[in-house]
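Enquirer: First to last, the sequence lines map onto chains C and V. According to our numbering, the stretch in the first sequence is residues 2 to 361, in order. According to our numbering, the stretch in the second sequence is residues 509 to 697, in order.
Incorrect hints may appear among the rest.
Result set (DSS-like, lysine-lysine): computed pairs, CA atoms no more than 30 Å apart in a straight line [what the hints assert, rightly or not]: (1) Lys182(C) x Lys567(V); (2) Lys16(C) x Lys518(V); (3) Lys598(V) x Lys167(C); (4) Lys198(C) x Lys132(C).
Quick caveat, the hints were computed from the structure, so don't treat them as lab data.
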Amino acid sequence: MHEQEFKILVDGYLKDTLSPEQLEAFFSLVLSGEYDYLLSESFVSGLHQNRDLRAGIPHDVSDTIIRNIMSSENFAKNTIVRSVPVKRFSRYLVAASILLILISSYFLKSLIIGDSNLLPNGVAKSAYHYKDNLTKNPLKVVLDDGSQITLQPLAKLYYSVKQIHKREVFLEGDAFFVVTKNKEAPFFVYSGAIVTKVLGTSFNITNPSNGNTEVLVKSGRVQVYENKIKDKGVLINSQAVILQPNHKAIFHAENKSIELTLAEKPELIKNTNGYTSIDSSAVEFVYVRARLKDVLKELEHHYGIEIIVSNDDLYKCYFTGDITEQDLYTKLKMICLTTNTNYEVNGTKILITGSGLHMK
Amino acid sequence: MFESYSYDEKKLLQLISEGSSYAFQVVYDYHKNNIYIFAIKTLKSPLLAQEVVQDVFLKLWFERERLTQINSLENWLFIVTKNHLLNQLKKIAKEWKRVNESFLENNSIEDLELDFLDKKAHLELHENAIKQLTKTQKKVYQLIRVEKKTFIEASTILNISVDTLKKHMTSALVTVRSFITKNGFKCFL
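So that you can see chain C by itself, here it is in the shape it has in the complex (with noise of 0.2 Å):
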């Protein structure tokens, strides 16, 4: 078949002047897939050429189709934390509980929780299931793509109907997340001031009473940023970070700053494929007379974290002993005080320091 002849019945399907063998001849080579680069220039000449605005898109479908798409968004950008009207709302909302309280409790109930600052003003709410934790055990909540939400007793939870785009909680308390790998649609956790996006991974988000919230990761990476609004609800990230497993990220509500450090309890952890995740497989800490150097690559590589020295002499001491059971820091005030040095938690990494027992 000729480019030509496929031209023309193009033309003629556009003009509906094909007769049912064309629009037979026309319809398998469309399927055939072979001259889809014609039909990509046809389409496109046809939509310069096409600029008869007379007839067009009845209003009231136009008015569905903008309504449908900025709905679909489900304003996500003006996610933000406190911004004054809500304060000013929520002054409003006390007044108006004392009053409610004596109509219906579960009423109440209700409404602060619907109208808490937890979603954005001007999110729809059907957009969002709700889930809260009132009991004193954890709750775990699975959501359709499989991610699975473990809720600490008081936490509450709004999570996104359709999560097919854009994977989006809202969570005030504490939870722990695992969230089922997806690179088309990350996965967004907006909690007090800031906002974790992961690609798929499972962390802890914890939100001390004193106002800051903290975010532990347990396998794979995620980002963490300050939510914050320009004027007209405008997002702006400041300071990302980067969290790897056993990092932790501090948000601090006083100076709002987002402060990097380590787990309290750093877990062993493995690597599968560029995948970092807790390993639970037993790892022995048996050493007799080892370079430092050796210990210290060791814990390293099982920890994930970067354990550097002040001084590259210290790789020369030796450490005799049995350091299985104990978690990383008792770990490592057992090899400072047997090396006469000392350990200090930089950012995310450990620092050795001292100057050292040299033993021949």
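Starting from the known structure of chain C, fit chain V onto it as the hints suggest.
Expert: Just chain V, lined up with the frame of chain C:
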């Protein structure tokens, strides 16, 4: 009439990328009819054309943050539209073939199964899908799908040619299928 507005594409792009729904609406109003009319020409169905318009602009809105990198908004829109049209046209071609074969072999057209839905939900969904069809499409669909008439019987009843009937049946099927896949998923959620 649009020429009287100052339609500054670069500026609008910038505003959209910053999240201005107003600028988005301006661009939408400027291009929607053009895309819609051409989509109807290509797909021969108002409903499918509406879907194309929605999908194209939904993509524009979702990807707005990256828009400052593109040179021409018009080109961007047309390329996205073109890709949608190509995909839809292939679906129509497939459906047309299926209709044609079932006509030749005198088989009934197999149903689109949605395993996760129970019978009642499925029927309801199906009814709603039929509501989306045009009058003629509805009649054709009713005769062939529900009353299990042959194409020749149906064409005699409606007093149209078999070829016209096939065209109507094709677009009816594409519409029903596309409605069911989209909304069946919603139901499931």
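Enquirer: Work down the list of hints and note, for each, if the structure agrees.
Expert: Structure-based check of each hint:
1. Lys182(C) x Lys567(V): holds (23 Å)
2. Lys16(C) x Lys518(V): violated (35 Å)
3. Lys598(V) x Lys167(C): Judged against 30 Å, a Cα distance of about 28 Å means the pair holds.
4. Lys198(C) x Lys132(C): Holds: Lys198(C) and Lys132(C) sit about 21 Å apart, inside 30 Å.
In this structure, only the earlier hint numbered 2 is contradicted, and the remaining ones agree with it.
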